[in-house]
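> Listed below are the residues making up each chain.
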Amino acid sequence: MTDASTNRPHRILMYENMVKSRCFEDAIKPAYLEGKQPLFNMAKGPIPGEMHLSDGQEPCAVGVCAHLRPEDAVTATHRPHHIAIAKGVDLNAMAAEIFGKKTGLSGGRGGHMHLFDPAVNFACSGIIAQGMGPAVGAAMAAKLRGDDSVAVAFIGEGAANQGAFHETLNLAAVWNAPVIFVIEDNSYGISVSKADCTAVAHNADRAAAYGMPGIHVENNDPDAIYDAAGEAIARARRGEGPSLIEIETTRLEGHFMGDAEAYRPEGEVERLRAADPIPVYRARLEADGISRADLDAAETDAREAVGQAFAFARESELPPPDDAFATVFTEGSRR
Amino acid sequence: MTDASTNRPHRILMYENMVKSRCFEDAIKPAYLEGKQPLFNMAKGPIPGEMHLSDGQEPCAVGVCAHLRPEDAVTATHRPHHIAIAKGVDLNAMAAEIFGKKTGLSGGRGGHMHLFDPAVNFACSGIIAQGMGPAVGAAMAAKLRGDDSVAVAFIGEGAANQGAFHETLNLAAVWNAPVIFVIEDNSYGISVSKADCTAVAHNADRAAAYGMPGIHVENNDPDAIYDAAGEAIARARRGEGPSLIEIETTRLEGHFMGDAEAYRPEGEVERLRAADPIPVYRARLEADGISRADLDAAETDAREAVGQAFAFARESELPPPDDAFATVFTEGSRR
Amino acid sequence: MTAQTATRKLTIAKAMAEALSQEMARDPDVLVMGEDIAKLGGVFGNTAGLLDAFGPERVRDTPISETGFIGTAVGMAAAGMRPVVELMFVDFFGVCMDAIYNLAAKQSYFSGGSVTCPMVLMTSVGGGYGDAGQHSQCLYATFGHLPGMKVVIPSTAYDAKGLMLSAIRDENPVIFMYHKALQGMGWLGTEPGAITPVPEKDYEIPIGEAHIVCEGSDITLVGLGATLHHCLAAAKSYAEKGVSAEVIDLRTIAPLDRQTLIASVRKTGRLVAADDDYLSYGVSGEVIASVCEAGVPMRAPPERISFPDIPIPFSPALEHFVLPNSDKITAAVDRALEHGDD
Amino acid sequence: MTAQTATRKLTIAKAMAEALSQEMARDPDVLVMGEDIAKLGGVFGNTAGLLDAFGPERVRDTPISETGFIGTAVGMAAAGMRPVVELMFVDFFGVCMDAIYNLAAKQSYFSGGSVTCPMVLMTSVGGGYGDAGQHSQCLYATFGHLPGMKVVIPSTAYDAKGLMLSAIRDENPVIFMYHKALQGMGWLGTEPGAITPVPEKDYEIPIGEAHIVCEGSDITLVGLGATLHHCLAAAKSYAEKGVSAEVIDLRTIAPLDRQTLIASVRKTGRLVAADDDYLSYGVSGEVIASVCEAGVPMRAPPERISFPDIPIPFSPALEHFVLPNSDKITAAVDRALEHGDD
Ligand SMILES: Cc1ncc(C[n+]2csc(CCOP(=O)(O)OP(=O)(O)O)c2C)c(N)n1
Ligand SMILES: Cc1ncc(C[n+]2csc(CCOP(=O)(O)OP(=O)(O)O)c2C)c(N)n1
Ligand SMILES: [Mg+2]
Ligand SMILES: [Mg+2]
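Protein chains in written order, with the numbering used here: chain A, 1 to 335; chain B, 1 to 335; chain C, 1 to 342; chain D, 1 to 342.
Heads up, some of the hints might be wrong.
As the list claims (entries may be wrong) - Simulated crosslink set (EDC-like; lysine to aspartate or glutamate; CA at most 20 Å straight-line):
id, chain 1, residue 1, chain 2, residue 2
1, C, 39, A, 196
2, B, 44, B, 34
3, C, 241, C, 309
4, D, 328, B, 323
5, C, 241, C, 215
6, D, 328, B, 322
7, C, 39, A, 240
Because the hints were derived from the structure by calculation, they are not lab data. Only a predicted model underlies this, so the values are computations on that prediction, with no experimental measurement involved.
Okay, chain A solo, but in the shape it has when bound (with noise of 0.2 Å):
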């Protein structure tokens, strides 16, 4: 097992991943209230819709990615900047995409629940679980060619109830397929807490039902991820399959932008912001010593990346209205 503690590079990458992902959403918060104040309507501003933001999650995403190379498959769910982040998606593209311009990574058709970045294979979507077939799918075409790759699926603890869950898992394991399902558990599915929708304490335990390892991760810890991580990604790398990681972490948010989160027990928000995983690990860090100096230098870079992006897509332009009659097929045939 990797010792993280000494693996300094890949630390302070996770460490400016995980900022780059806050600074990400710390942008999108105030451009989305853009026009929907005094009276919030979501389909107002520059980013109308739904905005899940994964202030909190940082950690399951870098310690996950950390591992992985741009050929390795990733889905995501509709709540997918911080993973799409760490999986290196174009941050630039990605804004783009998130404020509907020509210049986004679909031209402005998908949105933020509907990112795709074939250079780094990343996808989302914003159905529960639907992500989990297409990385079983990515792994064994992987796995069919003969080549060592991966892929991860990412979910959140409420998905784990949803049919294709436990069709996927079986699947993936009587084909051995080379993929890793993580579970973000932030406790909550929307309003519905974990404890009242799942007949299990921890989902890792359900990786027994398809014969396939089961790891659970406490306390959001970056470095306990990519311990985890490295493992089943490593195993899956020699063929030998697919695991289950559950991932304990905290949503900072709500669960879109205008959620009133009244289904919050009193303090709970104080209490998990108290233990921002982003501080938490910078002292850490610190702690182990790795200088400030670098740690301030990954901040600034992740700062000035999402400054370009955020300015590059508000420069960008509207696609041209007839651009949405376009790509609903894919011209050609393989002849």
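Mind docking chains B, C and D with the ligands on chain A? Use the hints.
Frame of chain A, contents of chains B, C and D with the ligands only:
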């Protein structure tokens, strides 16, 4: 726990229902082939369509249903005859339904995969795992009304890889529903063996993923099934929630009539027939001192009931064509 | 009280919640299940207050297991309860359609009427607010095409309450589609015409009957949900020009009230149908086919305004270009009116 | 060899299997997955021989997990493979439609064309052999209504091979519906007209083009799959009476070839459309609407013969009463011909 070996009335009834079910299938076979020879054509004859026989699986039905009352709901599958008979479905109306007659359970609208008898709360379906939700619903209705009736969902082992299996077991556990899920493991889903499509050796082990008891019953043994079901049903009646029971059983016929069964290993059918549960159970009952006279009487009663049912079915009229348009919607509404 | 009642205006969300609450008080067999319908009161507000009023036994948050809880509702309905379940967005039908169209919708028929399925499936439809291709669909025809279920969609709060009471009391599965652009949630913006006076008293709106919202003689405009309001806006603009448009709200998609449509076009001789579901094999096409196969003499070719056969794009620059609106309806009406009486 | 080829007749099942086998030999990225498609060769024979020829890596039996393996196929397609998956009966779409309509069908659009989904979903349709309400449906319009997928259905073995080769080579998801009454499995009985000469050579039939099977001037008959053969039977009977019917096989439901339909009815002035899917929001209604909205002058009201809006009953006494057939088409043609040139 009930000591089945001393529980004579149940055992004789169980044996009678096993024989009745087998007689029913034996009566179906020639009737189904009428008009389908020399060239087998599923569309022809008094019983068109697919025909899924239950030969060999009788122990599952009788061992479980011996504990059930008319108000306890049972949902079955595309292979429903043995379960319907063990649950006490009107045999005449059932046979008539399979012949597509006006006097059938649904006037010939449903056929052999769609047998509904509200008098004994029996239903079945042609869609894999579709009956599991309705069983949870029947169980919840009983729970909410405060009576101690239960529901049982029968499925095949192939259905244990369908998403509905996961969703309904989780929901039943979360809501503590008085429902028992019974897997008839005949080791095949059409031509696909359980081993080729299931990531665990025993589906009973999947119960742990829902925090419910999982019981594995070996050897297609009616008494062992009776005991396991007795405990699970008593548990549900006491309000202690759902259970999963997996039964090793055998499919002595093809998946449906006309199945060439080329996918079976050499000699498998012969081996299974040598362990036909009906003669095996009769021998045990005799060894346990139940008189041949009682068992012969049970067989005679079973034969006569089936003979009567088929005579009734054959004599009955076909429905008038216009019946096709009736009962699509139930008239009236609650005012 | 009655004075206040008469003038009391509600949103569709509140009208739905009131109907549910009144029926739950009246009928102990009614219960509500779905994702986020209890503690949260429904993402779209239509179950607000029910948990406090009726408790967690009858108002149940579910796991994200649509096949599981809809199948469960069917079993409850067969056992004599009257479940109202929510499918948060109609776009999600793909994960649970079997339990709806193959189970709930066929239970009466497969049992020859001996087992009923009195349940309501509430589901939100429609776009226009930038929620993209998996959260903005309508799928009216997807449900209307399949037998054994009734499908209704209110265009006003008044209709929402009356249709909901009828739906719960119906002995059959009823798909109750509510349009997000009409729902009256502040955060979604709302068509003002959908917020109407709603009597507190118990009343039903018959399922299966279209509603002639305003009578006219020159052209028939047919809409439902959001497009009904576009049709009304178009009709208004023509009234000023002295053109008399008859506007029909389908209200029920299945069973479709063909008589009312045919009678209207017999009178007007012109037809423009508008809906925001996909065009091909869709609602407006069925309206046109039903009128034409009846041999109604037409003074102009019938026209339809529907959502084109493309996924719903996210960017407002794209979505608003392809969404039906009153301008598109007006353009179609202009074309129809150009045709004289030949 | 070529001589034998020219006259060699195949069933649709064998034509599908031949197309799959030839394309798998030609293109290493093609693989086949589904329930009972390997060892058994497909319940409906369309994958017979593939396992022996190409082995278990490329010919994969799956668990009964349609959502799982169809979603998996989409991931394979995105990765550059060309999966052909089988949904044994179209009736089962309800357990996996999300992976089809919300995932496969929208991948190109959501990615702005940067990720493709070249996959084929083969699925059996149709009844008439007593398999009842969950194993006899057609659901053409259910698939045709939703954007992003192409939908084809062959009426002959010749079309089956050419459409299958086109479908596998298409860069988009193609739903390949094969009709059980045409499939040519002895145990299902078969329409003899579906068993046709099939060249061994590689050929494609363009997706999106309807096929004028026979030209005529008095009336246009439109069918697909099984009803195409009913239309041909009806046309034959009229030919003897000196009435010239033009018969069109839709072949592709989406995208629908409206031009061909419109041009034909412009010529004949009469239209009868027949399909065995449910009537409302269905195929024949769309055919009628498409012709009428084009303002084609008609000599008689258009008619449709479809399956009524009821679940499919089991009893032959009921099923054969409600199924479309050539007599029902003939009756509609008679009604249409009564109308002179007004
Ligand atoms: C099939 C389906 N059902 C319901 C929804 C609505 N929905 C969107 S997000 C969400 C909660 C998901 O919870 P979880 O999986 O824990 O992810 P999280 O939001 O916590 O990141 C729900 C129910 C959906 N998008 N898809
Ligand atoms: C959702 C769905 N998928 C596929 C089928 C086709 N099918 C009918 S029976 C069957 C095999 C079922 O195997 P199992 O559950 O073990 O039951 P058994 O036939 O062995 O009794 C399959 C795949 C179906 N009816 N429904
Ligand atoms: Mg969560
Ligand atoms: Mg089995």
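> State for each hint whether it applies.
How the hints compare with the structure:
Proposed proximity of residue 39 of chain C and residue 196 of chain A is supported: the alpha carbons are some 11 Å apart, at most 20 Å. Using a Cα cut-off of 20 Å, the hinted pair residue 44 of chain B and residue 34 of chain B holds, with the two alpha carbons roughly 8 Å apart. With a C-alpha separation of about 33 Å, the suggested pairing of residue 241 of chain C with residue 309 of chain C is violated against the 20 Å cut-off. Proximity of residue 328 of chain D to residue 323 of chain B is assessed by CA-CA distance (about 19 Å); at most 20 Å being required, the pair is judged to hold.
For the hint linking residue 241 of chain C to residue 215 of chain C, the alpha-carbon distance of about 16 Å falls within 20 Å, and the restraint holds. For the hint linking residue 328 of chain D to residue 322 of chain B, the alpha-carbon distance of about 16 Å falls within 20 Å, and the restraint holds. At most 20 Å may separate the alpha-carbon atoms for a hinted pair to count; residue 39 of chain C and residue 240 of chain A exceed this at roughly 43 Å.
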